[in-house]
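*Asks:* The primary structure of each chain is shown beneath.
Protein chains: 6
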Amino acid sequence: MNQPAATAKSRVICTVDFEREGKQADVLRVPHSRNDSGWGVVQIPITVIRNGDGPTVLLNGGVHGDEYESQIAIAELARTLQPKDVRGRLIVVPALHFPAAMNGSRLSPIDGKDLNRCFPGRAEGTFADVLAHYVSAVLLPMCDVNIDLHSGGRGMDFVPSTTSHVLDDAARFERTNALGLAFGAPYHVVIKEVDAGYTLMTCCEQRGVVAISSELGGGNRVNPGGMVATRQGIARALAHLGVVPARTAPAPSPTRLMTVPDYDCYAFAPRGGLYEPYHGLGDAVAKGDAAGAIHFVDDPHREPIVIRYGASGELWCVRAQGHVQAGDPVAVIVAPYR
Amino acid sequence: MNQPAATAKSRVICTVDFEREGKQADVLRVPHSRNDSGWGVVQIPITVIRNGDGPTVLLNGGVHGDEYESQIAIAELARTLQPKDVRGRLIVVPALHFPAAMNGSRLSPIDGKDLNRCFPGRAEGTFADVLAHYVSAVLLPMCDVNIDLHSGGRGMDFVPSTTSHVLDDAARFERTNALGLAFGAPYHVVIKEVDAGYTLMTCCEQRGVVAISSELGGGNRVNPGGMVATRQGIARALAHLGVVPARTAPAPSPTRLMTVPDYDCYAFAPRGGLYEPYHGLGDAVAKGDAAGAIHFVDDPHREPIVIRYGASGELWCVRAQGHVQAGDPVAVIVAPYR
Amino acid sequence: MNQPAATAKSRVICTVDFEREGKQADVLRVPHSRNDSGWGVVQIPITVIRNGDGPTVLLNGGVHGDEYESQIAIAELARTLQPKDVRGRLIVVPALHFPAAMNGSRLSPIDGKDLNRCFPGRAEGTFADVLAHYVSAVLLPMCDVNIDLHSGGRGMDFVPSTTSHVLDDAARFERTNALGLAFGAPYHVVIKEVDAGYTLMTCCEQRGVVAISSELGGGNRVNPGGMVATRQGIARALAHLGVVPARTAPAPSPTRLMTVPDYDCYAFAPRGGLYEPYHGLGDAVAKGDAAGAIHFVDDPHREPIVIRYGASGELWCVRAQGHVQAGDPVAVIVAPYR
Amino acid sequence: MNQPAATAKSRVICTVDFEREGKQADVLRVPHSRNDSGWGVVQIPITVIRNGDGPTVLLNGGVHGDEYESQIAIAELARTLQPKDVRGRLIVVPALHFPAAMNGSRLSPIDGKDLNRCFPGRAEGTFADVLAHYVSAVLLPMCDVNIDLHSGGRGMDFVPSTTSHVLDDAARFERTNALGLAFGAPYHVVIKEVDAGYTLMTCCEQRGVVAISSELGGGNRVNPGGMVATRQGIARALAHLGVVPARTAPAPSPTRLMTVPDYDCYAFAPRGGLYEPYHGLGDAVAKGDAAGAIHFVDDPHREPIVIRYGASGELWCVRAQGHVQAGDPVAVIVAPYR
Amino acid sequence: MNQPAATAKSRVICTVDFEREGKQADVLRVPHSRNDSGWGVVQIPITVIRNGDGPTVLLNGGVHGDEYESQIAIAELARTLQPKDVRGRLIVVPALHFPAAMNGSRLSPIDGKDLNRCFPGRAEGTFADVLAHYVSAVLLPMCDVNIDLHSGGRGMDFVPSTTSHVLDDAARFERTNALGLAFGAPYHVVIKEVDAGYTLMTCCEQRGVVAISSELGGGNRVNPGGMVATRQGIARALAHLGVVPARTAPAPSPTRLMTVPDYDCYAFAPRGGLYEPYHGLGDAVAKGDAAGAIHFVDDPHREPIVIRYGASGELWCVRAQGHVQAGDPVAVIVAPYR
Amino acid sequence: MNQPAATAKSRVICTVDFEREGKQADVLRVPHSRNDSGWGVVQIPITVIRNGDGPTVLLNGGVHGDEYESQIAIAELARTLQPKDVRGRLIVVPALHFPAAMNGSRLSPIDGKDLNRCFPGRAEGTFADVLAHYVSAVLLPMCDVNIDLHSGGRGMDFVPSTTSHVLDDAARFERTNALGLAFGAPYHVVIKEVDAGYTLMTCCEQRGVVAISSELGGGNRVNPGGMVATRQGIARALAHLGVVPARTAPAPSPTRLMTVPDYDCYAFAPRGGLYEPYHGLGDAVAKGDAAGAIHFVDDPHREPIVIRYGASGELWCVRAQGHVQAGDPVAVIVAPYR
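Protein chains in written order, with the numbering used here: chain A, 60 to 397; chain B, 60 to 397; chain C, 60 to 397; chain D, 60 to 397; chain E, 60 to 397; chain F, 60 to 397.
A couple of the hints might just be wrong.
It does not matter which identical chain is meant; a pair holds if it fits inside one copy or across any two.
[Stated by the list, open to error] Cut-off 25 angstroms, straight-line C-alpha distance, at most; resulting in silico cross-link-like pairs (DMTMM-like, lysine to aspartate or glutamate):
id : residue 1 : residue 2
1  : K346      : D170
2  : K251      : E373
3  : K143      : D85
4  : K68       : E183
It should be emphasised that the hints constitute simulated quantities derived from the structure, not laboratory data.
The following block holds chain A by itself, in its conformation from the complex:
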């Protein structure tokens, strides 16, 4: 794996006492010199609730700013959950990459970076690097579990799903999948990620933290169905971990264990244009079927390019914006895991 250890002193200031019992609503103060405020910081809301013994769980949304369901549900939890309903310690950050969340964009308006390509971070880097460094150097060493909730963002729409990595350590793989199945989204998708060297999930793996993530909507909107899956899934997962009482969790919901078998499951746009998808989320599709077409409105007399699936399975996600650029994924297929 690519990630080196993060050792330098963090530049982030947080006055939370992580050992204190009770509920603390505070902020992370991440230094950010602006032209009109040289000593300015970005304040990222963090709520810590501790009550007796139990696991420490970092529950966060907003690693990408345009993924909304979890930001809303986690902020709600931070507002409403009381210490008496907790066992152990819950570290709650509704919108981790705060400047991106305020901007409604995946990438930071400050340094243009994708926080989920910056782990384990660098104390001497730009904003996203400094923030990633704080998480890996200060927060994760306290944690047993990380639930880092994502959605499809602007570019994709997903069947509501949880995700985790295929792990070599069978016991941890099982513990992780059990957490995903407890969450209760329609799919729990286990993946061998391409280009995952710098993600929060990889960072967790290297530090022995059990980690699941999710895809719970997309298309740059708040999805009502995704909101149900997110609110209920968080409650079920925390109950499964014993951090909140089991009685507070909604009834279990059946979840299928899926995977993305190989690279052929990704369909890419070979050219830029306007993409018309032919299928809906969850549809069963077969290798060689037409997935959609790229239209050239600037040249109406040019034939559209039809894109075909490279594998059979179920349609996990589809392109959620009209325009595509060459190389953009437009569909990903999943199939049952073993």
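Chains B, C, D, E and F: place on chain A using the hints.
*Replies:* Leaving out everything else, chains B, C, D, E and F in the frame of chain A:
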């Protein structure tokens, strides 16, 4: 009405001979000095098909660049329709506000204008003004009918619908509604538009051109259901007008005649934040029901603001992006017309 | 004068009933299509308080977004003033050019315009034109008096002052000066403005509305002394007009009637560079004195350019930012009127 | 013609006394509110030299900011020419669209406009409109002749040429051509311009001012050959007009009278890409010859598009930047006039 | 401490011979590829004056581009000081972060970085990293003392002060304080800086260079009082070090030794809005006093938030811009040191 | 040398089988998260042709996006060359820094970096770093030779030339020069580069790869003469290496071996302004001759600054844009090597 007559000479060059029989695929050349091409133009594809006697219909998409269904379907028609299948004259422009369409945005990347607030245009104005002026001064005087197809764009998702204005002239109102009903979308919505003084539809009215528009999807994506409604609706409407043979049209589809009774049908966001809608398109809702909530992720401990409907009816459209700003409409209600 | 009459129908929506007794807190809804909200508007807070007979006064701040004292004081008044304390009608708009005020800039982030160069406005223009048009076509016809409060903005720092135009109509000139003297800032400066053809004050003059303005601070900050002058001045001016009871006004404060005798009173930077002023606000200075120097930090071995005053008098305002560009005013001199 | 009369009062301040004998080096002060200087202006250098009786000539460069030869040569003239060497009045503006000239761009960095599409201007418009209005309303009424020198700018390279319009008035056409021939560039090209309704030259025609322009280089660079043609041409033209003594002019240089016979002389890029020209300036080319090719480096396996000339003649100008967009002219052919 | 050693070869070119006697006015040439000048550099003026034996002092301003007093005074010194008046070696850089200084901004317009968060720099980094690396790897190893003069920049206004770090090494702490006291500003403030791992001062400490800095004005303007303090302070400090003759220094001025006792001395804005300060620089304030208020002009009916001081002492600096963002410091309190 | 070894795992995906015989046209997929496509990549066309034994040559253009001749010629080769005409392996990348090439700019529109200052790259860096890392870690270890073709870009015009470094290893220096001479441009220039620590050529040297580069035109245009030199030079060089048959190469062309003897051969602009060059490419010039002048159009009465050559020789390149900034090179002189 606000619109003055457009009389100055157009700056747009088009070598189409609008009187010629047959099919001509050409471009409108709209002057656009760039820093690296002082004599540059923007080329907007236009296809004209003429065959014998019959009405002249201007069929266009892309007045807003982020409304895709009609751009695709109209480009398809321009590519495939042959003179032998036409009676009269069809002027086809798949992406009228071409720079916006290439940019995938409602507004022009050139002058920041909404083309549908620029009619009847000005020959000495900026790009959008010059283009609007060409349409009103050169194209519309040749036309009997304008079918100007829209979708919800980035900000809204709609029940697929056609639209037209409530007109004082009863005969023209009836002819217009008949065209909308022939199109066959689920709703044909007749409206007394707020702030309509500078739209293409108002420009058509003042020149005696029968005009319908539409809302056929939204959310900055290509909607598969919207594509069906668009492709079939165009074919039915052209057949209804006698411009293409009736046998080529799909079977009729039932359409309900609806309206937006008054200003209370619009629900607005009183503050900016993250909007969670509570209902889906077409849902029956009642005055006073909660329409959705505005969440404040930057301040998780602040209560969300619940927005309520100001009228009863069916949900015509909902906000299709997560973030809202103060004053953004988040829902519009329709009710049966008379 | 240059300003034509504004006659077209306004595009701004306001649900205030200006004839109703009592206090209404509402917004002006100015149409502003955004890429992510095609039917979006900008909501500008407006508060109208009416109680029986008396003059109608439009009291507004924020024609320039970076002039803060009046925005704060007028918002405070809108929040706290009750109908029982009013005689006549008070139309209160704390931040008229609202997008500029939210941006903390003189010019609009929407169309780059200075609202005070857009009067009387145009219904078919860009945002600032549409807003100016509403003021001149809808609000001013209801008004007897306009108090439009300004500060020095980013570029200038001022001796706290009220201002008005030198008027041909002696009676109105006297009424206007009496209002300025009642306000009680250190100076009331009467000017024959250069380039005033498109200001709100000129627009008032042409419509017979008594109008004063002000300069109450500057340098892009909130000035504590300016706050005192602003809060007290508003109270005194409204009491002078009989709109609020005289007993609520602070004690009168002596005000000197000044003017800018001619164009030589303006000192300009002949070249761009870093400006060092040699005097403070209100200092007595003489024609030919060194006003300051332009330094060339990019070329330390080049001699600074010393700028000299072109007239004798008191220093009304000085440049409040380090960098200047060629043509920027760096100082303006006032002298007693007559 | 499209241009209405410009009648409103100019907003530009200039302290030159145009009636005074001698040399005055001054500036035009064009109002330009900036966020950091609300009363800021743009200072445009202007030099006026008057000595006794004789014609008034407005000699200017920099209508487009990226056309350099004339800016340099005219600034040189402003610096060195003395009243004793003048007969009549010379109004010299080296860089008329000053913000564009400082930016090295055709269009203004202030309002994005091409000054040569803004005549006769509007006092209530944006910066370029206000400037054009000053020229048409204040300067041109004083002038007998306008020499407005251009080059190819960023986009084009030209055979050094003067240009003028084909005029209906035979006497003025002859006087104009005589001035062009006196200038002594290789070509004097008389044109019926496409899209010329808002240029300075058209504005001169409508006011009875004899007007020539030029194309003296291009490619966003200072061309040594173009500098010779410019310096000598100005001297010959002023001598021809009697404004400077004939003895100061260089020896005459042979000039051919050319024209652009019709629209087929323009070769356009049908698609965007990388343009490779096949001929050099002044080459004799024939209709149907390959003019160049558009290459698609993003798709190396796609065949280039070869563009062919639509007319025979000499190559007046060629595209001077690698990238082209659809609709950009890449070559223009001239042929002898009559 | 966080800063590693800088060892790679510098990419900066400087033709100064630092060993040569006399005065050399030269530039640092820092590579900066631009799109229009691939081999372009940024030239940063540097003046080196050497005369016989004595300490080497690096005197610089402009680490932040919007801090002007020192840029002006140091450029003046570079222009006027002669070798005969020097003992030892003076390395004078009026505007170290030159692109920021030309831009009048704290951060670089090139890479958006704050130079004072980039030390000790990296030869393979972006512009600010490369520049910091040159200072730490080439200049500092020659130096005994660094006087790096700052002001409050855009965001803050300060009581004119010098500053230095609280050092573990008592002898060096004393030498440093003696230099600060010699400078003669009203305060010499010794601080344990938050987030100081990457500053020039920390870099000096690690290399054994005696280092003081300052805060000599602010608010993005040139402060006349700050200019006096700066000009006199430099002269006194250089005389104290023996680099210039004592007779050339102004009379000593009393300086109080102050400190920022702890983190409670900082008052922060909890929300964004318009900040009204209640006190002036140097005022004595008490813990719990209202420091100022945040006003919400977008919602005039919302109560302002009053911010209170967290410690008693004197007001060292206040917010110098109207708008604040959440987390911005608005006031800092100092108290006597020991 | 500065460059460390690149060892981390590349993030670039390429499905080419470099060991396979025949021709493969594929793309490099470089990860590039966009706001509207989180899993987006940039697709860079690569063609690999392998046929039996022989050297491996990486032939690429477009390290700078505004250098066009080689992009066109190399794309042509990728399109037309067949395996039967190859001996060994040819890795062909017409536009290596693809985002810059599509943008027509030297620097990347993604991260603003010059790819040729990023070698050997970093897998965890920004886009250009990741791309450079792939070249150095994956491609170069397969290569014997790199031919990396450049032109003058926007800023410079060059006598068509090949270039290489002066090498300590005499045998490799000779092999490199032989390759340059075989290419057959007018000059082969051997240089000791300033600021070459992070270039592709230095990276090749450190890995034992024979490397030549070139300067084959400039001025942001496609130069017809440069196209001839490029097409023929590539054919001759590949034939010289035995990768294509000798019979396919054009006749040899005489090449002179030149060098840039020292730093005095560079003439720089001491101030920004408008640069007028006095000589043409290849002209013989002498130390002390005037090279050109910087004109100040903003101040026509200021004397131009004349720049003089610091060495005698032939003019290798001249500034190809009108505006210069302080520190820009405007001319470089070459002289025969030994």
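*Asks:* Take the hints in turn and mark each one as holding or not.
*Replies:* Here is what the structure says about each hint:
no.: 1; hint: K346 / D170; result: neither (40 angstroms within a copy, 38 angstroms between copies)
no.: 2; hint: K251 / E373; result: within (18 angstroms within a copy, 45 angstroms between copies)
no.: 3; hint: K143 / D85; result: within (19 angstroms within a copy, 43 angstroms between copies)
no.: 4; hint: K68 / E183; result: both (10 angstroms within a copy, 20 angstroms between copies)
Violation of the numbered hints given earlier is confined to hint 1; every other hint is satisfied by the structure.
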